[in-house]
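Visitor: Here is how the chains run, residue by residue.
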Amino acid sequence: MNLWRAFVTLVMLSFRRLLWSASTLMVAFPLLGCALFLLRRRYTFGYEGAAFGDEQIAFGHFSEELVLLLFVSFIMPICALAYATTSIGGDREDRTLLFLLVRPIPRWLVVLAKLIATLPLVVGLVVGSFWIYCRLAGPVGRMAFDLYLPAVFYMTVAYVSLFHLFAVSFRHSTIIALVYSLFMEILIGSMPGIVKRVTVSFFGKSMIFEMGADHGLQPPNPQWFVPMTTRGAGMALVAISIAGVLLTLWIFSRREYRDLT
Amino acid sequence: MLLSFDHVTKLYGPVVGVNDMSCRIGPGITGLLGANGAGKSTMMKLASGQLRVTSGSVTLGEHDAWSSAAKRCFGFSPDINSFYEEMTGREFVYAMTRLYGYTAREARERSEQALVDVGMIDRADRHIAGCSHGMRQRIKLAQALVNDPPILLLDEPMNGIDPGGRRDIGELLIAQASKGKTILVSSHILVEVEHLADSILMIARGRIVASGTLSDVRNLIDDQPFTVQLVVEPSRRMASLLLAFDEVNSVEVRGDTLTVRTRKPAQFFARVGELVMRDAIVVHKMVSLDTGADAVFGYLEQGAP
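Top line first, the protein sequences correspond to chains P and S.
Read in order, the letters of the first sequence are residues 0 to 260 in numbering that gives the first Met the number 0.
Read in order, the letters of the second sequence are residues 0 to 304 in numbering that gives the first Met the number 0.
Since the hints were made in silico from the structure, they are not lab data.
Errors might be hidden in some of the hints.
Claimed, not checked - FRET-style restraints, in silico, Cβ to Cβ: (1) S/H194 with P/L24: 45 to 53 angstroms; (2) S/G163 with P/L181: 48 to 56 angstroms; (3) S/E105 with P/D258: 29 to 37 angstroms; (4) P/M183 with S/D161: 49 to 57 angstroms; (5) P/F28 with S/S131: 33 to 41 angstroms; (6) S/E85 with P/D258: 17 to 25 angstroms; (7) S/C22 with P/F169: 31 to 39 angstroms; (8) P/N1 with S/R125: 25 to 33 angstroms.
As the list claims (entries may be wrong) - Negatives, chain P to chain S, calculated, CB over 10 angstroms: (9) A5; (10) T8; (11) T23; (12) P103; (13) I115; (14) V126; (15) R134; (16) G188; (17) P221; (18) T228; (19) A238.
Glycine included, each C-beta is placed from N, C-alpha and C at the ideal position.
Build out the structure end to end from the sequences listed, making use of the hints.
Guide: Structure, rendered in structure tokens:
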């Protein structure tokens, strides 16, 4: 019996089950909807510089409408929560988690396997769809992809980590993550002052505003939203990700799941 | 390998799941009996490392039940009906076998053997979603056997299985026990384990109320009424003679049939022998009505603290 082999088996098993789960169908609709919106926006009004008379204005519109409003605030958290909460929460709700907990794999390694299975799937989906949207948007999109990719990547990892923490902590983690994403992130993220720094999106948006500043991108209300530096925001997202993973491992390795039988 | 509970208490908030329970379960088949809510599932969950004790300790051999090392020592068939429904029985058992860290080839051999053992090999390619309850029980049992563990923890393994299947699984468990394995089988249908188990543990309200063989347990109940039916001639005379004895609680007469309730069966049977010899009473038939596990359990549960 080999622990490494058992771990790899669990990663592969979890990845396969996630890929063919209802979550894939669930995220397909918003991803497709976003693509249709983008196509309509491009061919009706155009993200080309000529349509606005200025490429900087077009870049600003694309960044505000697609990147900040649709992608970062909605598409990305939906993709992350669809898989991250299902990865361990689905097993918990279906009560199949029991079959994993009675195998000779340390508990922290069980949840780490789930996390490792989820991460490439979500990062691949988010970065891949972002790449497609940017290509669909034309030259401004291509420029935006190069600038915003680090922010998108760090935010995605932070969300995956955070939603795994939700999944090991709460029974109905998908609903809690959904409420968190759609209300807490937006509500608190829109508040003035430093309270918004408890949200993941603040740091991601800070990176985006900083990276887009040279191309004329500014927060809609600079008095309310004072972005951090790219470096500082990136470090904060990395810290959130690491803390989320460590807390997830710690909670899962100690916690009893009495609802499994 | 020994499965030991040493002064184990498990609290669910203010609710007591198991209360200061101590026992050692060794090789052979041990039936774990108790009504719903008695603490059977808590005991199974503690033994399989799903729950941690509030106080005391649960060990499998040398290992604490919560540790991952202990999980190499047992196979667990849970009392749930949840699976990876999209898989076939074969895929599920194979996947569970791989999670022990076996190579693909070894896992394939072990999972196939387990499917043969539980009588599912010919139906293993059916999707679990389309399997009957009995087939699902067999799949659960198969995944518990794949690592050839020294301890088997089986939570209601006969539930939903037809009589033929019960016989097959009974034979399988007896064969496993003959290899020196420790097998703990929980059930609330007492007759299931009555004929299977070498010893029984009866629990009620989180405590062990009796342990040993079924007859040992029955002998523990000297203050509980024991019912015997006699077909005798003359019945009325016999009834009046019996009522004179202190150990007889009541006698009910219906034609030649007497239904006698006694608190001291051993003395009662001795008295009957004396009467037959002394008063020329003819006994056509004498049968005890409640030697089954149900009656024993009923008595014990009433007496539980």
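Visitor: Check the structure against each numbered hint from earlier and tell me which ones fail, lowest number first.
Guide: Violated: hints 9, 10, 12.
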